[in-house]
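> So the sequence lines, in the order shown, correspond to chains A and B.
For the first sequence, this note's numbering begins at 77 and goes up steadily by one.
For the second sequence, this note's numbering begins at 5 and goes up steadily by one.
Hints in this document: simulated from the structure, not taken from any laboratory.
Wrong hints could be hidden among the right ones.
[What the hints assert, rightly or not] Straight-line alpha carbon distances no greater than 20 angstroms define the calculated DMTMM-like cross-link-like pairs of lysine to aspartate or glutamate that follow:
no.: 1; chain 1: B; residue 1: Lys93; chain 2: B; residue 2: Asp188
no.: 2; chain 1: B; residue 1: Lys145; chain 2: A; residue 2: Asp273
no.: 3; chain 1: A; residue 1: Lys127; chain 2: A; residue 2: Glu279
no.: 4; chain 1: B; residue 1: Lys47; chain 2: B; residue 2: Asp58
no.: 5; chain 1: B; residue 1: Lys145; chain 2: A; residue 2: Asp311
no.: 6; chain 1: B; residue 1: Lys145; chain 2: A; residue 2: Asp302
no.: 7; chain 1: A; residue 1: Lys138; chain 2: A; residue 2: Asp126
no.: 8; chain 1: B; residue 1: Lys136; chain 2: A; residue 2: Glu315
no.: 9; chain 1: B; residue 1: Lys113; chain 2: B; residue 2: Asp188
no.: 10; chain 1: B; residue 1: Lys113; chain 2: A; residue 2: Asp275
no.: 11; chain 1: B; residue 1: Lys136; chain 2: A; residue 2: Asp311
no.: 12; chain 1: B; residue 1: Lys136; chain 2: A; residue 2: Asp218
no.: 13; chain 1: B; residue 1: Lys93; chain 2: A; residue 2: Glu315
no.: 14; chain 1: B; residue 1: Lys160; chain 2: A; residue 2: Asp309
no.: 15; chain 1: B; residue 1: Lys113; chain 2: A; residue 2: Glu277
no.: 16; chain 1: B; residue 1: Lys113; chain 2: A; residue 2: Asp273
no.: 17; chain 1: B; residue 1: Lys145; chain 2: A; residue 2: Asp142
no.: 18; chain 1: B; residue 1: Lys160; chain 2: A; residue 2: Asp311
no.: 19; chain 1: B; residue 1: Lys113; chain 2: A; residue 2: Asp311
[Stated by the list, open to error] Label-pair distances were calculated between CB atoms; the ranges are:
no.: 20; chain 1: A; residue 1: Asp309; chain 2: B; residue 2: Ile71; range: 54 to 60 angstroms
no.: 21; chain 1: B; residue 1: Lys136; chain 2: A; residue 2: Tyr301; range: 19 to 25 angstroms
no.: 22; chain 1: B; residue 1: Asp58; chain 2: A; residue 2: Leu198; range: 39 to 45 angstroms
no.: 23; chain 1: B; residue 1: Lys136; chain 2: A; residue 2: Leu278; range: 29 to 35 angstroms
[As the list claims (entries may be wrong)] Simulated coverage check for chain B against chain A, where a stretch passes if three residues somewhere in it have a Cβ under 8 angstroms from a Cβ of chain A:
no.: 24; stretch: 75–88
no.: 25; stretch: 165–178
no.: 26; stretch: 185–194
Quick reminder that beta carbons are idealized off the backbone N, C-alpha and C, glycines included.
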Amino acid sequence: MRNRLPIIIAVLLSLLLSACAGTQNRHTDPENDPWEGFNRKVYAFNDELDKVVRPVALGYDKIMPDPFQRGVGNFFRNLDAPVTFINQILQGKAAQSADTFGRFLINSTIGLLGFFDVASRLGIPFYNEDLGQTLAKWGYADSRYLMLPFFGPSTLRDSIGLYTDSYYHPVGIYTREQGQWWPVVARGIDQRARFLDQDAELEQAYDPYVLLRDVWLQNRLYQIYDGDPPLADYDLYLEEDLPEPDSDRGE
Amino acid sequence: MKIPAKKLLLMFSCVFSISLFAQAEVDDPVSLVIKTTSSIFTKLDQNNEKYASDPAALQALVRTDLIPLLDVHYLARLTLGRAGRGIEKEKVDAFAEIMINLLVIRYSKGLLQFRGNEQVMVLPQRGELNEKLTRVRTRVKLPRGGEARIDYAFHKTADGWKAFDVIVEGISYVATYRNQIMPDVQANGIDSVIARLREGELELVH
Chain A
77 MRNRLPIIIA
87 VLLSLLLSAC
97 AGTQNRHTDP
107 ENDPWEGFNR
117 KVYAFNDELD
127 KVVRPVALGY
137 DKIMPDPFQR
147 GVGNFFRNLD
157 APVTFINQIL
167 QGKAAQSADT
177 FGRFLINSTI
187 GLLGFFDVAS
197 RLGIPFYNED
207 LGQTLAKWGY
217 ADSRYLMLPF
227 FGPSTLRDSI
237 GLYTDSYYHP
247 VGIYTREQGQ
257 WWPVVARGID
267 QRARFLDQDA
277 ELEQAYDPYV
287 LLRDVWLQNR
297 LYQIYDGDPP
307 LADYDLYLEE
317 DLPEPDSDRG
327 E
Chain B
5 MKIPAKKLLL
15 MFSCVFSISL
25 FAQAEVDDPV
35 SLVIKTTSSI
45 FTKLDQNNEK
55 YASDPAALQA
65 LVRTDLIPLL
75 DVHYLARLTL
85 GRAGRGIEKE
95 KVDAFAEIMI
105 NLLVIRYSKG
115 LLQFRGNEQV
125 MVLPQRGELN
135 EKLTRVRTRV
145 KLPRGGEARI
155 DYAFHKTADG
165 WKAFDVIVEG
175 ISYVATYRNQ
185 IMPDVQANGI
195 DSVIARLREG
205 ELELVH
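Given the sequences, and given the hints that come with them, work out the whole structure.
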């Protein structure tokens, strides 16, 4: 399994890139999504993948009792703590990193490997940081939208962050050392189950790809600004025009 | 990299708790938000069963207590963007009316999910009031734990302060809706969009 992965990825990418040549040339957001053609292909691929993943997530959601699902969510969220801690240090947030450290310690021990979020009950604040956010704070502020196979929406910067973070994330470390992917898959099911409620919204949208991109990018900005992002320039909304639909700019 | 599982709905939570700061104007944005949430949730608590079993009644409540706080025409113009410029006023108004209906339905559904012991905290005004754009920040405690941040964008009109955008966890209703509606109007025309929204509307009610 470990040896086959690079080949799988290479085949995947070549398929996607070859499919890129020719067909649709939509540019709904040239500034933030210059790779839209490619991203849409990956989105379509992920959609196909979802036909397998969604039933599993649905089954998980329906069968497993809520407390168990909460426990699983807590477990994975607790495993994010080391990455958050390191990036808080990198961003100079010493006091907050102490909270994260405390949370990890308490939840991993008293909270039984993180299944119980004892730290929140004790009132210790929860923070979420990763290398993508750190890079943004360090100056890599604007990054093009990049849809990843399996992982979903991202940006170029955040993909670099995700990959790097995986070297010191417990799940990433486990996967590399053991060659086992089941923790990643389990985490994927947990995440997918969280978004089941939003499925209808996405399906009914005029352009689900754009909706997902909008929602993800805006929320990402919210994370980078630690919950206080700037407001949009509403004047621009009245003046702005969309780029010409179906312009043939080539990939 | 994670999107919290918060809905893209406009949410007004129930019984609120807030540290009130004395406001100079009684109808400044922060006071308006406080008044409105308080009013809605008082009524909800008093007539719990009636509203749970009768969606139309809840929608009527939302219509009378919530909609007047919105500048729906401006919201419609922002959503249509430049695509709205060549369009007759009656059609923009028709579109605005559909937006009201959709908002009412969504609010009502959202309200039903947040009754109980949740709390909304309306944060005090930060900085000076800006008549073009003032932001009201609120925090909503979620039933499953954790907190959602919901902000409102207000501006001052001839009829006082009105809200024209809701931003849930950084996700702006106007920005998102706009990127769906504008291309649709450009490709299919406003009449087609209005007709389809009306049809969709009927489905949403049930």
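> All the hints need checking, so say for each whether the structure fits it.
Hint-by-hint comparison with the structure:
| no. | hint | verdict |
| --- | --- | --- |
| 1 | Lys93/B to Asp188/B | holds, 19 angstroms |
| 2 | Lys145/B to Asp273/A | holds, 19 angstroms |
| 3 | Lys127/A to Glu279/A | holds, 13 angstroms |
| 4 | Lys47/B to Asp58/B | holds, 14 angstroms |
| 5 | Lys145/B to Asp311/A | violated, 32 angstroms |
| 6 | Lys145/B to Asp302/A | holds, 17 angstroms |
| 7 | Lys138/A to Asp126/A | holds, 17 angstroms |
| 8 | Lys136/B to Glu315/A | holds, 16 angstroms |
| 9 | Lys113/B to Asp188/B | violated, 26 angstroms |
| 10 | Lys113/B to Asp275/A | holds, 16 angstroms |
| 11 | Lys136/B to Asp311/A | holds, 10 angstroms |
| 12 | Lys136/B to Asp218/A | violated, 27 angstroms |
| 13 | Lys93/B to Glu315/A | holds, 17 angstroms |
| 14 | Lys160/B to Asp309/A | holds, 16 angstroms |
| 15 | Lys113/B to Glu277/A | holds, 14 angstroms |
| 16 | Lys113/B to Asp273/A | holds, 13 angstroms |
| 17 | Lys145/B to Asp142/A | holds, 19 angstroms |
| 18 | Lys160/B to Asp311/A | holds, 15 angstroms |
| 19 | Lys113/B to Asp311/A | violated, 31 angstroms |
| 20 | Asp309/A to Ile71/B: 54 to 60 angstroms | violated, 26 angstroms |
| 21 | Lys136/B to Tyr301/A: 19 to 25 angstroms | holds, 21 angstroms |
| 22 | Asp58/B to Leu198/A: 39 to 45 angstroms | holds, 42 angstroms |
| 23 | Lys136/B to Leu278/A: 29 to 35 angstroms | holds, 33 angstroms |
| 24 | 75–88 | holds (count 5) |
| 25 | 165–178 | holds (count 8) |
| 26 | 185–194 | holds (count 6) |
Going through the hint list in order, the structure does not satisfy hints 5, 9, 12, 19 and 20.
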